[in-house]
Amino acid sequence: MEVRHSVHPEDAKHYTTEELRKRFLIQDLFVSGQIKMVYSHVDRMISGGACPSEPLALEVEKGMGVDYFLERRELGIINIGGPGVVKVDGVEYKLETTDGLYVGMGAREVIFSSANKTQAAKFYFNSAPAHKSYPTAKIERSSIKPNHLGSIKESNERNIYKYIHPQGVQSCQLVMGMTALEPGNMWNTMPCHTHDRRMEVYLYFNLPEDAVVFHYMGEPTETRHIIMRNEEAVISPSWSIHSGVGTHCYTFIWGMAGENQTFDDMDHVAMPDLR
Numbered sequence: 667m668e669v670r671h672s673v674h675p676e677d678a679k680h681y682t683t684e685e686l687r688k689r690f691l692i693q694d695l696f697v698s699g700q701i702k703m704v705y706s707h708v709d710r711m712i713s714g715g716a717c718p719s720e721p722l723a724l725e726v727e728k729g730m731g732v733d734y735f736l737e738r739r740e741l742g743i744i745n746i747g748g749p750g751v752v753k754v755d756g757v758e759y760k761l762e763t764t765d766g767l768y769v770g771m772g773a774r775e776v777i778f779s780s781a782n783k784t785q786a787a788k789f790y791f792n793s794a795p796a797h798k799s800y801p802t803a804k805i806e807r808s809s810i811k812p813n814h815l816g817s818i819k820e821s822n823e824r825n826i827y828k829y830i831h832p833q834g835v836q837s838c839q840l841v842m843g844m845t846a847l848e849p850g851n852m853w854n855t856m857p858c859h860t861h862d863r864r865m866e867v868y869l870y871f872n873l874p875e876d877a878v879v880f881h882y883m884g885e886p887t888e889t890r891h892i893i894m895r896n897e898e899a900v901i902s903p904s905w906s907i908h909s910g911v912g913t914h915c916y917t918f919i920w921g922m923a924g925e926n927q928t929f930d931d932m933d934h935v936a937m938p939d940l941r
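Quick note: to get this note's numbering, add 666 to the position in the sequence shown (first position is 1).
Keep in mind the hints are simulated off the structure, nothing from the lab. Hints should not be assumed to be uniformly reliable.
[Claimed, not checked] Once the Cα atoms are required to be at most 27 Å apart in a straight line, the calculated BS3-like pairs of lysine-lysine come out as:
#: 1; residue 1: Lys798; residue 2: Lys760
#: 2; residue 1: Lys688; residue 2: Lys702
#: 3; residue 1: Lys728; residue 2: Lys798
#: 4; residue 1: Lys753; residue 2: Lys804
#: 5; residue 1: Lys811; residue 2: Lys760
#: 6; residue 1: Lys811; residue 2: Lys783
#: 7; residue 1: Lys702; residue 2: Lys753
#: 8; residue 1: Lys804; residue 2: Lys702
#: 9; residue 1: Lys783; residue 2: Lys798
#: 10; residue 1: Lys804; residue 2: Lys760
#: 11; residue 1: Lys753; residue 2: Lys688
#: 12; residue 1: Lys783; residue 2: Lys804
#: 13; residue 1: Lys728; residue 2: Lys688
#: 14; residue 1: Lys753; residue 2: Lys798
#: 15; residue 1: Lys753; residue 2: Lys728
#: 16; residue 1: Lys798; residue 2: Lys819
#: 17; residue 1: Lys702; residue 2: Lys783
Computed from a prediction, not measured in an experiment: that's the story for all the values here.
Taking the hints into account, I'd like the entire structure generated from these sequences.
Given below as structure tokens:
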């Protein structure tokens with residue numbers, strides 16, 4: 667498991683392109699037969715990907731200081747690949763593409779499997795510290811009523827699917843969901859915002875091989891960008907905006923952790939204030 671330390675905004679404004687990518691960009695999440703994880707000291711979020719050719723167990727890392735992965739944590743999973751199965755303490759949950767699963771604190775065994783080897787599952791997950799256990803629950807995308815926002819005029823027409831949130835599948839502090847842009851739309855989270863009370867991680871996917879997303883980050887008056895490709899993730903500290911524009915429409919998974927779970931708790935940035 668790779669460890670990323672926290673970054674002060676005064677330092678980030680001086681980073682080169684490569685330094686920005688090293689600190690915030692997460693690549694190669696879905697390597698066949700492996701689980702890739704990045705531990706961020708920003709709210710101690712763990713983001714990862716599992717691409718099983720054979721069953722893969724979620725193992726505790728020595729640096730976590732516990733006996734098993736979810737001893738003091740909770741876990742949110744969304745499958746972006748072929749059909750798969752997640753076994754939690756002996757109970758199997760079948761996840762089709764874009765189905766999700768919440769696993770509460772205290773679960774001892776989590777095993778990822780693909781339903782068939784010709785089209786491997788790709789399980790993306792976020793894990794945050796927890797102090798209370800909530801029931802494990804499967805989340806079918808087809809059962810979620812999306813919030814339809816934006817317009818083609820502003821190039822941001824999109825559907826927001828909330829998977830783990832206070833009015834749906836409950837958790838201790840993790841909030842997780844997915845935003846899908848309609849064809850012909852390119853922008854997400856613009857006008858932009860920060861939320862000083864929560865960090866966020868984005869995973870961009872459903873991008874063609876030759877397409878990119880320009881992900882904007884940094885303080886509103888000190889913006890920077892990271893060029894991202896299909897199935898790459900980016901860490902967004904609480905002081906940073908998190909917005910993107912693509913050369914093609916795309917989908918992204920967002921995961922948050924911090925002081926509250928209020929989706930609309932945002933510090934909006936006026937367009938004239940951006941620099």
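Here's how the hints hold up against the structure:
1. Taking the CA atoms of Lys798 and Lys760, the gap is about 25 Å. The hint holds against a cut of 27 Å.
2. Of the supplied pair hints, the one linking Lys688 and Lys702 holds, its CA atoms being roughly 16 Å apart against a limit of 27 Å.
3. Of the pairs offered as hints, the one joining Lys728 and Lys798 holds, with about 23 Å between alpha carbons and a cut-off of 27 Å not exceeded.
4. Pair hint Lys753 plus Lys804 holds up; C-alpha atoms about 11 Å apart against a cutoff of 27 Å.
5. With a CA separation close to 21 Å, the supplied pair Lys811 and Lys760 stays within the 27 Å bound.
6. Our distance criterion of 27 Å between C-alpha atoms is broken by Lys811 and Lys783, whose separation comes to about 32 Å.
7. In summary, the hint linking Lys702 to Lys753 is supported, as the alpha carbons are separated by about 18 Å, within the 27 Å threshold.
8. Among the hinted pairs, Lys804 with Lys702 is consistent with the structure: their alpha-carbon atoms are about 22 Å apart, no more than 27 Å.
9. For the given pair, Lys783 sits about 37 Å from Lys798 by alpha-carbon distance, which is inconsistent with the 27 Å threshold.
10. For the hint pairing Lys804 with Lys760, the CA-to-CA distance comes to about 9 Å; that is within 27 Å, so the pair holds.
11. Only pairs whose Cα atoms come within 27 Å are accepted, and Lys753 paired with Lys688 is rejected, the gap being roughly 33 Å.
12. Restraint check: the Cα-Cα separation between Lys783 and Lys804 comes to about 23 Å, which is no more than 27 Å; the hinted pair holds.
13. Distance restraint check for Lys728 and Lys688: the Cα-Cα separation of roughly 23 Å lies within the 27 Å cut-off, and the hinted pair is therefore satisfied.
14. Of the supplied pair hints, the one linking Lys753 and Lys798 holds, its CA atoms being roughly 21 Å apart against a limit of 27 Å.
15. Straight-line distance between C-alpha atoms of Lys753 and Lys728 comes to about 23 Å, which keeps the hinted pair within the 27 Å bound.
16. Using a Cα cut-off of 27 Å, the hinted pair Lys798 and Lys819 is violated, with the two alpha carbons roughly 44 Å apart.
17. In summary, the hint linking Lys702 to Lys783 is supported, as the alpha carbons are separated by about 19 Å, within the 27 Å threshold.
The structure fails to meet hints 6, 9, 11, 16 from the earlier list, while all remaining hints are met.
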